[in-house]
Structure formats: C-alpha cells, structure tokens
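The working numbering puts the first residue of the sequence shown at 107, with every later residue one more than the last.
Since the hints were made in silico from the structure, they are not lab data.
Hints may be right or wrong, so weigh each one.
Stated by the list, open to error - Label-pair restraints from in silico Cβ distances:
#1 Val176 with Glu144: 16 to 22 angstroms
#2 Lys196 with Ile137: 45 to 51 angstroms
#3 Glu150 with Glu174: 29 to 35 angstroms
#4 Thr148 with Glu183: 29 to 35 angstroms
#5 Glu183 with Thr139: 32 to 38 angstroms
Stated by the list, open to error - Cut-off 30 angstroms, straight-line C-alpha distance, at most; resulting in silico cross-link-like pairs (DSBU-like, lysine-lysine):
#6 Lys162 with Lys190
#7 Lys138 with Lys190
#8 Lys138 with Lys162
#9 Lys196 with Lys138
#10 Lys162 with Lys196
All residues carry an ideal CB built from backbone N, CA and C; glycine is no exception.
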Amino acid sequence: MSESIEPINDIDSPAPQKLPGQEVTEMCRSIKTLRRCEEPATDEEVHAAALQSVRKVSGYRIPSRANEAVFEAAVDEISACSEKLLFSLKTGARA
107 MSESIEPIND IDSPAPQKLP GQEVTEMCRS IKTLRRCEEP ATDEEVHAAA LQSVRKVSGY
167 RIPSRANEAV FEAAVDEISA CSEKLLFSLK TGARA
C-alpha cells in the first residue's frame, strides 16, 4: 500500500495524514511582505515565504515521499528568485 497525503481543498479541510517520521505544522494563510526599508528580509523569512508559496500552489502542507525532492527543489528555486528580486529592487523607484 503506497502512502500519500490528500491535497488541501478548502479552508475547512481536515489536517493531512501524518506520515511516519514527519511533523505536521499548520499552514499560514498569508505570506508577509519581505521588502522593508528598515531591515532586509532574513534567509529564514525568504525560505518560509517560499515554502508557503509552494504549499499553496501544490495544495500540500507536506509532500509525499515521491514528491519530496521536487517540492524542496521548488522551495529552493523560489527562495533564490525571491532573494534576487529583493536585492535588485530599487528603493523609491518610480515607473
């Protein structure tokens, strides 16, 4: 029998099944703004936002073992793109 986690369909859906050795955490409903004038976003904040984005897009809080590598790769790619974007934005720039 293969182990899998049901996708998140709506706000009232039950928590996903916990696979052996995995921790289930609540999924935040919003991603905070990372561009701030007073202090740059930390690597942890960028990673957390990327993780939340992948969770929202994929519909999974925790990927199945079969999807774990692509899930983590997506988080890493979005983190890298986010850091590049934040570094490249010009403060006070107008269109």
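Verification of the supplied hints:
1. Val176 with Glu144: 16 to 22 angstroms: The hint (16 to 22 angstroms, Cβ to Cβ) is violated, given that Val176 and Glu144 are roughly 36 angstroms apart.
2. Lys196 with Ile137: 45 to 51 angstroms: Violated - the Cβ-Cβ distance for Lys196 and Ile137, about 22 angstroms, lies outside 45 to 51 angstroms.
3. Glu150 with Glu174: 29 to 35 angstroms: violated (21 angstroms)
4. Thr148 with Glu183: 29 to 35 angstroms: Between Thr148 and Glu183, where Cβ atoms are some 19 angstroms apart, the hint is violated.
5. Glu183 with Thr139: 32 to 38 angstroms: violated (21 angstroms)
6. Lys162 with Lys190: holds (21 angstroms)
7. Lys138 with Lys190: holds (17 angstroms)
8. Lys138 with Lys162: holds (14 angstroms)
9. Lys196 with Lys138: holds (19 angstroms)
10. Lys162 with Lys196: holds (28 angstroms)
Consistency with the previously given hints fails for numbers 1, 2, 3, 4 and 5, ordered from lowest to highest.
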